[in-house]
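Could you build all of it, start to finish, from the sequences and the hints given here?
Number of protein chains: 2
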Amino acid sequence: MKLLIIGGVAGGASAAARARRVDESAEIILFERGEHISFANCGLPYHIGEAIPNRDSLLIMTPARFKARTGIEVRVRHEAVAIDPDAKTITVLDHAKGIRYAESFDRLILSPGASPVVPDIPGIGDPAVAMLWTLDDMDRIKARVDAGIRRAVVVGGGFIGLELAECLRDRDVEVTIVEMSPQLLPPLDPEMASPLAVEMEKHGVRLLLGAAVAALRRTGVPDDSGTTELTVELADGRSFTTELVVLAIGVRPNSELAKSAGLAVGAHGGILVDEKLQTSRPGIYAVGDAIQVSDSLGRPAQIPLAGPANRQGRIAADNALGGAGTYRTTYGTSVVKLFGLTAAATGASEKALMAAGTPHEKIYLNPFSHATYYPGAEMMHLKLLFSREGGILGAQITGRGGVDKRIDVLATAMQAGLTVYDLQALELAYAPPYGSAKDPVNFAGFVAANVLSGKSDLAHADALPPDALLLDVREPAEFAAGAIPGATLMPLGTVRERFAELPRDREIVAYCAVGIRGYLAERILKAHGFKVRNLSGGITTWKLFGTGLRKNR
Amino acid sequence: MKLLIIGGVAGGASAAARARRVDESAEIILFERGEHISFANCGLPYHIGEAIPNRDSLLIMTPARFKARTGIEVRVRHEAVAIDPDAKTITVLDHAKGIRYAESFDRLILSPGASPVVPDIPGIGDPAVAMLWTLDDMDRIKARVDAGIRRAVVVGGGFIGLELAECLRDRDVEVTIVEMSPQLLPPLDPEMASPLAVEMEKHGVRLLLGAAVAALRRTGVPDDSGTTELTVELADGRSFTTELVVLAIGVRPNSELAKSAGLAVGAHGGILVDEKLQTSRPGIYAVGDAIQVSDSLGRPAQIPLAGPANRQGRIAADNALGGAGTYRTTYGTSVVKLFGLTAAATGASEKALMAAGTPHEKIYLNPFSHATYYPGAEMMHLKLLFSREGGILGAQITGRGGVDKRIDVLATAMQAGLTVYDLQALELAYAPPYGSAKDPVNFAGFVAANVLSGKSDLAHADALPPDALLLDVREPAEFAAGAIPGATLMPLGTVRERFAELPRDREIVAYCAVGIRGYLAERILKAHGFKVRNLSGGITTWKLFGTGLRKNR
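Taken in sequence, the protein lines are chains A and B.
Here the first sequence stands for residues 124 to 676, numbered as in this note's numbering.
Here the second sequence stands for residues 124 to 676, numbered as in this note's numbering.
One should not assume that every hint holds.
Identical chains blur together in the list; that is why a pair holds if it fits in one copy or across any two.
[As the list claims (entries may be wrong)] With a straight-line Cα cutoff of 30 Å, these simulated DSSO-like cross-link-like pairs (lysine-lysine) come out:
1) Lys649 <-> Lys666
2) Lys561 <-> Lys460
3) Lys125 <-> Lys578
4) Lys561 <-> Lys190
5) Lys666 <-> Lys474
6) Lys649 <-> Lys399
7) Lys220 <-> Lys190
8) Lys125 <-> Lys561
9) Lys399 <-> Lys190
10) Lys125 <-> Lys654
11) Lys190 <-> Lys654
No lab work stands behind these hints, which were simulated from the structure alone.
See the structure below:
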């Protein structure tokens with residue numbers, strides 16, 4: 124058995140290591156066109172920001188150590204430039220020696236990864252324009268920061284762009300983010316992303332949302348420190364100068380090699396694989412950012428994430444060596460730290476459900492990370508998407524403490540096929556420093572089950588019934604500190620005495636701070652025959668909508 | 124509909140609030156023999172320790188606020204002293220007025236809770252002996268600490284005892300824990316509890332494990348500060364003096380009322396209920412610490428936990444008012460913070476599986492809380508128990524960061540019926556500050572699947588084959604810093620060259636730091652025909668066994 128693996132990061136390195144553990148006697152060769160295998164690509168921004176001071180700690184595995192552990196020959200700076208699936212050979216370009224050679228295989232695993240998208244705009248080739256995808260990219264950006272640049276522009280408000288913006292702020296660089304969509308972190312729904320914008324601005328990041336870079340023009344000559352200046356021109360005519368532009372607008376799968384070998388490729392450029400991760404040619408497998416996957420709605424998608432890539436590598440290795448592993452779905456479970464904030468998601472967003480035409484319900488909650496009587500409890504914003512049958516379709520959480528825990532529990536529940544009814548019954552670990560006797564996940568189940576049973580009818584801040592009476596059931600002091608325009612105050616404790624004051628010919632939307640008292644008011648008023656809804660998530664969620672879509676500041 | 128609820132904490136308060144939300148018009152009366160409803164019993168130690176400085180923050184809900192919200196009449200210091208299930212009445216003793224009266228019901232929910240076990244030993248009635256179960260108990264202990272006592276003895280090393288010990292240390296009180304079993308936190312297996320003993324001693328807590336209090340004798344007269352001294356005599360003859368003894372050796376269900384009304388009660392004293400939480404008498408439900416539940420092995424058990432009590436309250440309320448909720452199993456999912464340490468468990472322990480005669484496999488892992496290249500990563504100790512078919516039977520984790528998250532994910536997976544194979548595929552949220560591309564939960568799945576498939580044969584530190592060759596496959600520097608006695612060094616990177624040096628007539632147990640390199644060595648040696656096992660969890664887990672069972676210090 125001779126197994127060749129093309130690509131030595133994430134999926135490729137995992138495949139190689141697993142293959143050796145499965146078969147000690149197989150001949151395995153790992154080809155990597157770059158200099159490094161298995162480096163910590165998710166750590167790149169943090170070395171620039173110096174949270175990770177030691178560059179070497181990003182080199183998880185060197186070719187020499189990998190060889191010592193696995194006996195696998197690693198050929199770095201060897202690039203596979205052609206595959207002949209019929210002859211079962213690949214052509215390799217040895218960049219060090221400048222020569223080409225052929226290598227035969229019994230099985231082949233492709234893990235070529237993805238590459239940053241580079242928009243076709245004037246000035247994009249300027250030396251002050253960088254990407255952040257490889258260690259070289261990182262070194263280049265860090266060198267500029269170390270040299271003392273004062274201003275940088277990050278194009279793209281996704282995971283990498285946001286992490287880099289934080290890390291540049293940690294180095295006292297003035298940062299502007301230019302993002303085409305009207306929100307940060309497009310995998311989230313806009314209202315759930317709105318706290319990110321607040322947090323970024325609080326930490327001095329300038330946000331240009333709904334804005335596109337039209338051109339980059341070099342201005343002036345290098346100044347005393349050797350840095351130069353670029354003028355960034357936006358599509359809307361505005362312009363400003365900067366010293367560094369980092370592109371982080373997404374990646375495209377590196378599928379050219381597969382395509383030119385006649386392997387089937389999807390509409391978005393991803394290599395097509397079956398559940399065994401086998402390509403359209405038997406004996407050739409593919410994993411990682413380069414492949415097309417099925418998302419949680421069963422749609423073809425490109426979802427470049429490290430976790431799935433690593434697991435795919437293991438599965439492809441098993442299958443290449445005669446095993447029977449399967450890979451079915453990429454749920455897009457993800458999390459990002461932004462200064463003190465954590466944002467996380469799993470499954471489908473509301474945007475994705477709308478685009479797919481999938482019927483769904485949604486609820487918002489604003490629970491605390493742990494028992495409020497124990498110090499350090501922090502509010503999180505939680506959105507749960509589910510079907511009329513109770514199936515969990517997706518979840519998003521923004522907050523501080525405890526966000527990563529709840530998204531992982533919800534991701535596990537969703538992948539296990541649990542329903543919102545099951546969330547009610549989940550027995551999670553409770554002690555005051557860690558949670559509440561009714562965990563936020565249980566609470567999400569309670570609220571969703573109440574919606575499905577008809578116990579609660581929700582109104583949502585993005586679709587308030589236009590003629591409804593807005594009934595604020597908080598206390599007078601809360602109302603005075605800020606209420607939804609047009610709302611009428613009737614504290615919950617008075618609703619049983621005062622409901623006769625309310626109109627019977629008009630829908631009522633009750634709301635409170637986070638949705639709990641509003642629900643209690645809804646139940647009371649429904650018992651008295653009123654047509655009433657509870658504003659999901661209360662005024663806290665309503666405010667997220669107000670700050671979610673912001674442009675052109 | 125007239126619903127009476129006996130007991131106003133946790134389950135009772137939850138039941139009352141839910142009942143009102145389900146039925147606005149029902150007549151609901153909540154009886155509580157104490158002064159408070161819905162107080163934060165899990166927060167009591169932390170007010171003594173002053174992590175929670177404000178006592179009022181423990182009073183989650185006052186009778187007046189509860190009435191304002193729910194319209195439910197709350198009668199505190201009203202104790203139900205008799206139930207007539209046939210007449211559908213209860214007899215209530217109004218402690219304030221000293222009178223008894225009858226109240227009729229259509230439905231009745233019992234939430235009488237539990238009471239601390241008080242051992243029958245000489246001196247137990249001394250005023251310097253306290254418990255920690257109610258706000259009054261807390262006030263009494265805190266008053267003693269505020270008055271300046273220097274020494275305290277906590278009898279019992281379970282959740283409450285350990286939390287109290289930490290909080291007393293926070294107040295600079297010298298603390299001795301006396302625990303009958305040879306380990307702290309008996310729900311854990313001893314080796315998993317051993318880091319707790321280390322942490323407690325590191326913070327100045329004196330541990331007397333495997334020790335029992337035989338008698339308490341008053342010595343001397345009150346000193347200048349008004350405190351007195353007690354001599355604590357142990358069963359083994361040792362004795363020492365202290366100023367305060369707190370009993371935390373467990374609780375027993377308050378089922379006398381139910382029993383005297385003819386309701387069926389289990390062998391451990393818990394009120395028997397069906398899946399609807401209905402007692403042996405139709406229309407009478409029971410919830411919380413007072414009921415007998417089924418544990419994860421289907422055995423009858425008393426498991427006093429706040430989370431289950433709260434959820435049972437909701438379910439009983441639904442069912443009392445015509446709904447159809449079910450409660451099946453209490454998994455014992457729990458977590459405790461001890462100084463910088465977190466210990467957590469779900470499902471069955473190995474001890475419980477042995478006692479039940481349930482066949483099981485076990486693995487140990489020592490993964491990090493998040494990517495090691497990102498600052499702050501901390502090692503955790505993880506034990507997973509599973510069946511030959513892959514079913515998850517239980518998990519225990521001790522560590523610092525990220526422990527509560529992983530136990531909740533494993534608890535969710537277990538409750539969802541996922542197998543260890545499914546754990547491999549779970550897509551959890553990864554970013555360097557929160558996890559790893561292969562999360563500890565995935566890793567647990569990988570290791571368990573390797574065991575079930577026969578890819579890996581494990582040895583365990585508590586049952587090392589007596590004649591086996593112990594092969595240390597770490598680097599020489601690691602070996603020199605401390606190895607298992609009798610081990611032979613052969614670093615992993617040299618095994619492929621040197622395996623001929625190893626005996627073929629003797630079993631080999633390979634080990635490394637945490638179990639990963641040992642597994643790689645196992646795979647290499649097996650391919651060459653050796654009989655070899657990998658020591659699960661490596662020398663890190665082996666050390667846990669060494670410190671797990673400690674007595675009489």
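We went through each hint and held it up to the structure:
1. For a Cα distance limit of 30 Å, the shortest separation of lysine 649 from lysine 666 inside one copy, 26 Å, qualifies, whereas the shortest one across copies, 62 Å, does not.
2. Taking the shortest Cα distances, lysine 561 and lysine 460 sit within 30 Å of each other both inside one copy (26 Å) and across copies (18 Å).
3. In this homomeric assembly, lysine 125 and lysine 578 come within 30 Å of each other (Cα to Cα) only across copies, at 21 Å, whereas the closest approach inside a single copy is 62 Å.
4. When the C-alpha separation of lysine 561 and lysine 190 is checked against a cutoff of 30 Å, the pair qualifies only between copies, where the shortest distance is 21 Å, while the shortest distance within a copy is 50 Å.
5. With identical chains, the CA atoms of lysine 666 and lysine 474 are at most 30 Å apart within one copy only, with a shortest distance of 19 Å there and 51 Å across copies.
6. In this assembly of identical chains, the alpha carbons of lysine 649 and lysine 399 lie at most 30 Å apart only when taken from different copies (27 Å versus 53 Å within one copy).
7. Proximity of lysine 220 to lysine 190 under the C-alpha cut-off of 30 Å is restricted to the intra-copy arrangement: shortest distance 21 Å within a copy versus 83 Å between copies.
8. Within a single copy, lysine 125 and lysine 561 get their C-alpha atoms only as close as 54 Å, which misses the 30 Å cut-off; across copies the closest is 27 Å, which meets it.
9. In this assembly of identical chains, the alpha carbons of lysine 399 and lysine 190 lie at most 30 Å apart only when taken from the same copy (27 Å versus 60 Å across copies).
10. For a Cα distance limit of 30 Å, the shortest separation of lysine 125 from lysine 654 across copies, 27 Å, qualifies, whereas the shortest one inside one copy, 71 Å, does not.
11. Taking the closest pair of Cα atoms, lysine 190 and lysine 654 come within 30 Å of each other only across two copies (24 Å); inside a single copy the shortest separation is 71 Å, beyond that limit.
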